[in-house]
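J.: Using the hints provided, position chain B relative to the given structure of chain A.
These protein sequence lines map, in sequence, to chains A and B.
The opening position of the first sequence corresponds to residue 9 in our numbering, with each subsequent residue numbered one higher.
The opening position of the second sequence corresponds to residue 9 in our numbering, with each subsequent residue numbered one higher.
Since the hints were made in silico from the structure, they are not lab data.
Mixed in with the good hints, there may be bad ones.
Since copy identity is lost for identical chains, a pair holds within one copy or between any two.
Unchecked claim - With a Cα cut of at most 35 angstroms, we get these calculated DSBU-like pairs of lysine-lysine: (1) K451 / K374; (2) K14 / K24; (3) K133 / K409; (4) K414 / K21; (5) K14 / K138; (6) K133 / K99; (7) K439 / K138; (8) K21 / K99; (9) K294 / K414; (10) K448 / K206; (11) K374 / K133; (12) K138 / K99; (13) K448 / K459; (14) K413 / K14; (15) K138 / K374; (16) K413 / K133; (17) K294 / K313; (18) K409 / K138.
2 protein chains.
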Amino acid sequence: MADTVKYVLEESKIPKAWYNIVADLPTPPPPVLHPGTLQPIGPGDLAPLFPMALIMQEVSAERYIDIPEPVRDVYRQWRPSPLYRARRLEKALDTPARIYYKYEGVSPAGSHKPNTAVAQAFYNKQEGVKRLSTETGAGQWGSALAFAGALFGLEVKVYMVKVSYQQKPYRKALMEAWGAQCVASPSTETNAGRQILKEHPNSTGSLGIAISEAVEVAATHDDTKYALGSVLNHVLMHQTVIGQEAIEQFDMADDYPDIIVGCTGGGSNFAGATFPFIGAQLRGGKKVRVIACEPSACPSLTRGKYAYDFGDTGHLTPLVKMHTLGSTFVPPGFHAGGLRYHGMAPLVSLVQEQGLIESRAYTQTKCFEAGVQFARAEGILPAPEANHAVRGAIDEALRCKREGKKQTILFNLCGHGHFDMQAYIDYFAGKLEDSAYDEKELKAAMADLPKVAAE
Amino acid sequence: MADTVKYVLEESKIPKAWYNIVADLPTPPPPVLHPGTLQPIGPGDLAPLFPMALIMQEVSAERYIDIPEPVRDVYRQWRPSPLYRARRLEKALDTPARIYYKYEGVSPAGSHKPNTAVAQAFYNKQEGVKRLSTETGAGQWGSALAFAGALFGLEVKVYMVKVSYQQKPYRKALMEAWGAQCVASPSTETNAGRQILKEHPNSTGSLGIAISEAVEVAATHDDTKYALGSVLNHVLMHQTVIGQEAIEQFDMADDYPDIIVGCTGGGSNFAGATFPFIGAQLRGGKKVRVIACEPSACPSLTRGKYAYDFGDTGHLTPLVKMHTLGSTFVPPGFHAGGLRYHGMAPLVSLVQEQGLIESRAYTQTKCFEAGVQFARAEGILPAPEANHAVRGAIDEALRCKREGKKQTILFNLCGHGHFDMQAYIDYFAGKLEDSAYDEKELKAAMADLPKVAAE
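Only chain A is shown next, with the shape it has when bound in the complex (with noise of 0.2 angstroms):
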């Protein structure tokens, strides 16, 4: 057998509608709260923030969704995406394992950001909406928002978590290239953004506070709406393309999954790699096992607690109920900056509440040895987030050699590490620190989750 297996599947195999999850599982999410009344809200609670299309997305519970042509249409510049057999790395690790990755990192961003960043662009675009704002860590999201507002002309102002912005000026002429504004949050421009400024005048930011400051832009301004890179059900389904595809692509290799691996910061790759495959199991299907790989800096879902919480730092955005560390809870420094959120998507804090999924945390060190080793047998360099899921699916390849196990892997290569080179020089060069978080910090920050009475 040849070493490189790559499956290809034809552009008429896109995905023609995206899969909720909602519709197959045993008990249905717990309701959206309202963050002044903490009582559950309605679709039009959302209407300042989101065009009404994906506020009913959001809280659909039909099994599949149509997906428009037009975003079916810029969908195929790089979908269906590769989903490789990973024979060299095999062999590197003498696995009896079969080790397949589907790639998103070809997308013109570099990641799967692109699969819900066109979907979101196109529908508000049709309701009118002139410009977007949004937050972003390490940066994916918000180059991937860029590229979909210069595809359908509108404007995108980003607010980056100013330790990144600061660390990763790349990322920033990237979004500027596709024709996006980008600032360093916290921000002089906004409300919350000055409110932390004054409390914490060197404040380096976080996931939580940049969504308040994008929040606030949109509430505040009529011709502009805000869009989220992960966590909620719509962003979920949308990457759920991935999955969509990986099954048929399964199918051309006469092969399926034991195992899926994913990395997790707000949860939205992993979801869309793992949940058509949990969503045919549901429906009688071949059990998976399917396991979240985050970081031990801010272990959400290892660590974190199934409660309401706000989704942002100044406590603007509605609750939801999920794994979190609490909203205030700042991890530390480290690289996988799309994997710094405090809290985890509703659905898959469900569906690991449902014992669907299982989770573990790594410390940094060691996913970035795993992307090295999968860099130098497969050739690609990964993104310092999917390093997590390369680590969970190298471990379980090494069980399986420990067992003599024939088992079937797969996991999600999220996006390549062409912008994270820093990571890279930093590890190479013996400079990455597993820095844990305080933890009276964490507990501090869990303590004062709010008191919700639906609880």
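T.: Relative to the frame of chain A, chain B by itself:
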């Protein structure tokens, strides 16, 4: 018609042979001369530098040379590369022209360079070589060889032009991620490097100097061969997978280019995209206008002399007949580092002498302007080198608009700009300078060409 039009070939359509334009040229290429005797050399003279399989390709007059199956196997990771119709760019330009681009940025190293790097690594491995030495300017070639070396288990040593080494730490990190060693050239590791540093302690290097270093290492170590990323016949030939695929893809599109545009530094991506079309024309097929776009700061095709010259500054390499600015010419610093070479591939020079191609020179700011326009329309951010081809294609499309002509334009988008973001930052900040070369220095370098009896 949808905006995204992508022509995807099946894997089985990856070419089974490389195309050698020598078989179709009206006159054979002038012989290569020994640097000491200035007499034509035989294959044996090149044996210290290259494996015999590549030497035989270098001097071959066969039209097709089979691609070994292990090389095609690696190609499968990203080939066939997509051909896109740039519909959104056409709309932005409001041109009646049809614009297509072949995208080589899909390779793991992000450019066309792996097409030859993989082949060279394969043949060297097959002949028992342990280590490859090479030079790199912007880093595209060094990265590609590092990638290929990792796959075939070869050590790779890269001499990187010092100014690029200092400006582009991320390129070095990418090479190291694949396990290669990268040092700044001129270095103290070689006689050639030490000699330069003695005369010019602050030398920021040049491709010519880096080639001298890499050649010296290969010539003085039995287990080490030299690998070149452009210029030579066999390198250009390996790139013809690009044009051969494009011909098949134009069949799918039921179209054929009137005009093909490529950027030229050493000439390999240009030759790879255009030679299969020029060959078809020479064998009685449709006439195509072929345009080479080069930087006005290093204008070998538009200003150079067609004459015998050394490939390197240290005069260690054989002499080839080519368009040259003189081997001692050091172009001013500009951001398309891959185009900063004093000479041009002998075969590209020859087809220009035979009237089969035309050439033009562009300043870098005009090229970045085109690159940003392309990115905002098509979503892909080109490498600074590729921006020269984008500029040429846009100019032709605008000419079609003025003249009301529905011509078909193809250009080769040879790589993405993910490792060139500082150049875009400088461009947006208005800091890019269109520095010209020193006219006196150019004249001096061209007056200093070796005297060869054969001319």
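J.: I'd like to know which numbered hints this structure contradicts. Please list them from smallest to largest.
T.: none
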